[in-house]
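Colleague: Residue strings, one per chain:
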Amino acid sequence: VSEARLVQDGSCSRAVGAQLGDRLPVGCAGNCWQAPATSDDGGATWVGGGTVWQRPGEVRLLRDVGRRDPLVPNDHLYESLERALAMDGAALLELVRASGLRGRGGAYFPVGAKWATARDTPAQRKVLLVNAEEGEPGIYKDRHLLEGDPHRVLAGAQIAAHGIGATEIVVFINGAARLARERLGAALARARELGLMRVPVEVRAGAGGYVLGEETALINAIHGQRSEPLARPPFPAQSGLWACPTVINNVESLANLPDIVSSGVEWFRSVGTTDNPGTKLVSLAGDVARPGLYEVPLGTPLARIIDDGGGGVRGRLGAILAGGPSGSILPAALSETPFDVAPLQAVGGILGAGGLVVLDESRCVVDAVRELVAYNARESCGKCTPCREGTVRLLATFDALGTQADKRLRVVRLGSLPGADPDTLDLLLDVIGAGSLCGLGQMAPNPVRALQRHFAAELDEHRHGTCRAGTCTFVTPQEAFGRA
Amino acid sequence: MPRRSDNGSRSVAPGTAPPPGHDELLERIHAFPRWRSYLLPALLLAQDELGWLPDWAIASIGEHLRVPKSEAYGVASSFPELRLEQPAEHSLRVCTGAACRLQGARTLHATAADFPGTVETTDCLFICGVAPAVELDGRLVGRATAEQLRV
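Chains as they are written, first to last, in this note's numbering: chain A, 286 to 769; chain B, 140 to 290.
Just so you know, the hints here were simulated from the structure itself, not pulled from any lab data.
Honestly, I wouldn't trust all of these hints.
What the hints assert, rightly or not - According to the in silico footprint, chain A covers these stretches of chain B (three or more CB under 8 Å from chain A):
1) 160 to 171
2) 218 to 226
3) 238 to 245
4) 258 to 267
5) 272 to 283
Unchecked claim - Label-pair restraints from in silico Cβ distances:
6) B/Gly256 <-> A/Gly302: 19 to 27 Å
7) B/Glu166 <-> A/Gln304: 48 to 56 Å
8) B/Ala227 <-> A/Ala398: 48 to 56 Å
Said to hold, decoys possible - Away from chain A, derived, C-beta distances all over 12 Å, residues of chain B:
9) Arg175
10) Ser176
11) Leu178
12) Ala181
13) Leu182
14) Leu184
15) Asp194
16) Trp195
17) Ala215
18) His229
19) Asp253
20) Phe254
21) Pro255
Glycine included, C-beta positions come from ideal geometry on N, C-alpha and C.
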């Protein structure tokens with residue numbers, strides 16, 4: 286097989302029945318919309334779906350994705366690992382701390398600080414838990430990395446283990462990410478054969494659950510307990526998996542490490558913002574010409590991601606869903622907001638795991654947010670009352686019949702329901718946000734608050750039974766319950 | 140869950156004895172170290188083999204891993220992807236995530252009304268780039284059309 290003649294072989298292309306032919310199968314370079322796509326020049330140019338796409342030159346994490354056989358160990362990655370292993374663990378930690386790398390799972394906690402807590406906690410046994418759960422709707426970045434360049438993640442995990450002083454690595458991978466798990470397993474087997482895995486690696490699969498984004502819930506799942514969060518402290522870095530100091534790092538965070546080791550702190554900080562350097566993977570979907578996975582420097586304005594990466598909006602930009610079910614909905618007027626933690630926070634949003642769903646102006650923003658509210662209500666684990674009851678109540682204000690069990694597609698019925706008035710809604714949001722044990726509940730009010738803040742007129746129209754998009758229908762509670 | 144009867148012999152609660160013909164699965168369950176940490180891996184194994192988790196599977200796993208049946212059930216019921224009810228022979232899951240909804244997931248779901256099997260919606264199938272997506276008998280289908288929703 287020629288190294289130049291490639292065929293895209295990822296979850297997206299498999300789902301549209303791609304034929305591999307006599308080409309070398311490689312991971313999807315992020316050009317999901319082209320699927321099934323092929324390249325004749327080693328992955329620089331991709332042809333598919335009647336379009337030709339030049340992959341952007343300056344990418345870091347996606348450098349080898351869609352370029353080469355994902356299962357063949359990549360020399361430059363393992364040379365970085367060698368280099369890291371030649372360093373003192375504490376010096377490696379200082380290097381990562383100096384790089385300013387922040388956790389890419391959504392919380393953006395400084396990676397070095399997390400490592401230091403575990404490193405400084407005395408224990409014989411320490412664990413690096415690789416979070417590949419990635420259960421947030423609309424986010425598929427970790428899958429892409431694992432499908433397209435699993436050795437990058439493995440090398441990164443080994444580097445991290447050295448910096449932490451970890452004696453074992455556990456990878457917890459989303460149960461539905463079958464291709465990613467298969468490729469990771471195959472890559473791991475090869476790396477083991479070649480003696481590249483210094484710290485033993487165990488792979489565990491999950492079975493869904495947004496609440497697993499909470500570190501302690503993830504640990505519970507591996508312990509064979511219900512996937513529910515625990516109160517903190519103790520923090521996992523002090524006492525986590527099997528009561529050992531445990532660092533939980535996201536796949537994307539780890540994928541940054543080989544380059545930080547080989548190219549240095551200055552190189553890493555040369556893109557992104559001072560406070561949050563480096564690049565970020567963006568899962569871009571919705572009403573854009575080219576939905577797919579993109580890598581952009583942190584701080585890139587949202588509009589540029591949509592235009593340069595996504596090829597612009599189909600129709601006119603109406604709103605942007607940023608940060609998933611814990612995130613927010615932003616109006617077109619805020620499309621110049623930089624894609625970074627602080628600027629998004631300033632407008633009531635979160636960066637989260639880096640998902641953007643673009644809505645053109647024909648879409649109903651209230652309906653879009655109702656879906657996020659419904660999702661949070663379904664995924665609430667039920668452990669603490671403000672979240673368990675509050676998210677369901679919140680959904681009920683959007684939907685006369687909204688109950689946790691109801692997964693049918695529904696229309697928005699804000700109507701004149703009790704609880705839908707602004708004051709009661711505010712109180713409910715306050716209680717959920719302030720009273721919940723973990724991030725799921727604490728951030729569940731975010732999309733609704735964004736709706737109140739940026740789309741007050743649309744929200745109010747729905748209270749009075751009109752939807753300017755014309756996609757919501759309204760019924761009275763009497764009609765909904767089938768009684769006069 | 141096996142329990143001790145008065146005379147010390149083991150009896151099995153109704154509905155939790157493995158039906159015949161699952162020796163190989165039971166053997167594989169028994170190959171797990173008898174440690175609670177393997178509860179989720181064992182449940183996933185059983186679901187992969189059986190398509191869902193009948194009571195006897197949960198009970199057998201619990202017994203092997205020394206986890207009370209109530210707790211094994213509690214864990215199984217806390218994971219959305221674990222099935223505690225037997226699905227029909229054919230299954231269809233329509234993704235209703237944000238991107239798929241924009242590409243007509245609602246209509247797709249409505250047209251699936253006469254699908255001969257279990258029809259569910261799911262929050263995301265994680266192939267948003269080729270929306271709308273469905274999972275038909277465990278196989279992902281991107282840019283799904285109403286014609287494709289047949290078995």
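Colleague: For each hint, tell me whether it holds in the structure or not.
Modeller: Hints, one by one, checked against the model:
Coverage of the segment 160 to 171 of chain B by chain A is violated in this model, with 0 residues showing a Cβ closer than 8 Å to a Cβ of that chain against a need of three. Using a Cβ-Cβ cut-off of 8 Å, 4 residues of the segment 218 to 226 of chain B lie near chain A, which meets the minimum of three, so the contact claim holds. Evaluation of the coverage hint for the segment 238 to 245 of chain B: fulfilled, as 5 residues show C-beta separations to chain A shorter than 8 Å, against a requirement of three. Counting residues of the segment 258 to 267 of chain B whose beta-carbon sits less than 8 Å from any beta-carbon of chain A gives 8, enough to reach three: the coverage restraint holds.
By the rule of at least three residues with a Cβ nearer than 8 Å to a Cβ of chain A, the coverage given for the segment 272 to 283 of chain B holds, with 5 such residues. A hinted range of 19 to 27 Å for the beta carbons of B/Gly256 and A/Gly302 is consistent with their spacing of about 21 Å. At about 39 Å, the CB distance of B/Glu166 to A/Gln304 disagrees with the hint of 48 to 56 Å. The supplied range of 48 to 56 Å is met by B/Ala227 and A/Ala398, whose beta-carbon atoms lie about 50 Å from each other.
Its beta-carbon lying about 4 Å from the closest one in chain A, B/Arg175 breaks the requirement of being farther than 12 Å from that chain. In this structure B/Ser176 is not separated from chain A by more than 12 Å, as the shortest Cβ-Cβ distance comes to only about 5 Å. Not every C-beta of chain A lies more than 12 Å from that of B/Leu178, the closest at about 3 Å, which undercuts listing it as non-interface. Once the 12 Å rule is applied to beta carbons, B/Ala181 is inconsistent with being away from chain A; the minimum gap is 9 Å.
Distance to chain A contradicts B/Leu182 as a non-interface residue, since its nearest Cβ pair spans about 7 Å, not more than 12 Å. Once the 12 Å rule is applied to beta carbons, B/Leu184 is inconsistent with being away from chain A; the minimum gap is 10 Å. Against chain A, the non-interface label of B/Asp194 holds: every CB pair exceeds 12 Å, the least being about 18 Å. Taking the minimum C-beta to C-beta distance to chain A, about 19 Å, the non-interface status of B/Trp195 holds against the 12 Å cut.
Remark: the non-interface label on B/Ala215 conflicts with the geometry, its nearest Cβ contact in chain A lying 9 Å away (cut-off 12 Å). Listed as a non-interface residue, B/His229 keeps its Cβ farther than 12 Å from every Cβ of chain A; the least gap is roughly 18 Å. Once the 12 Å rule is applied to beta carbons, B/Asp253 is consistent with being away from chain A; the minimum gap is 16 Å. For B/Phe254, the condition that its CB be more than 12 Å from all CB atoms of chain A holds, with the nearest at approximately 15 Å.
Every beta carbon of chain A lies more than 12 Å from that of B/Pro255, the smallest distance being close to 19 Å; the non-interface claim holds.
Consistency with the previously given hints fails for numbers 1, 7, 9, 10, 11, 12, 13, 14, 17, ordered from lowest to highest.
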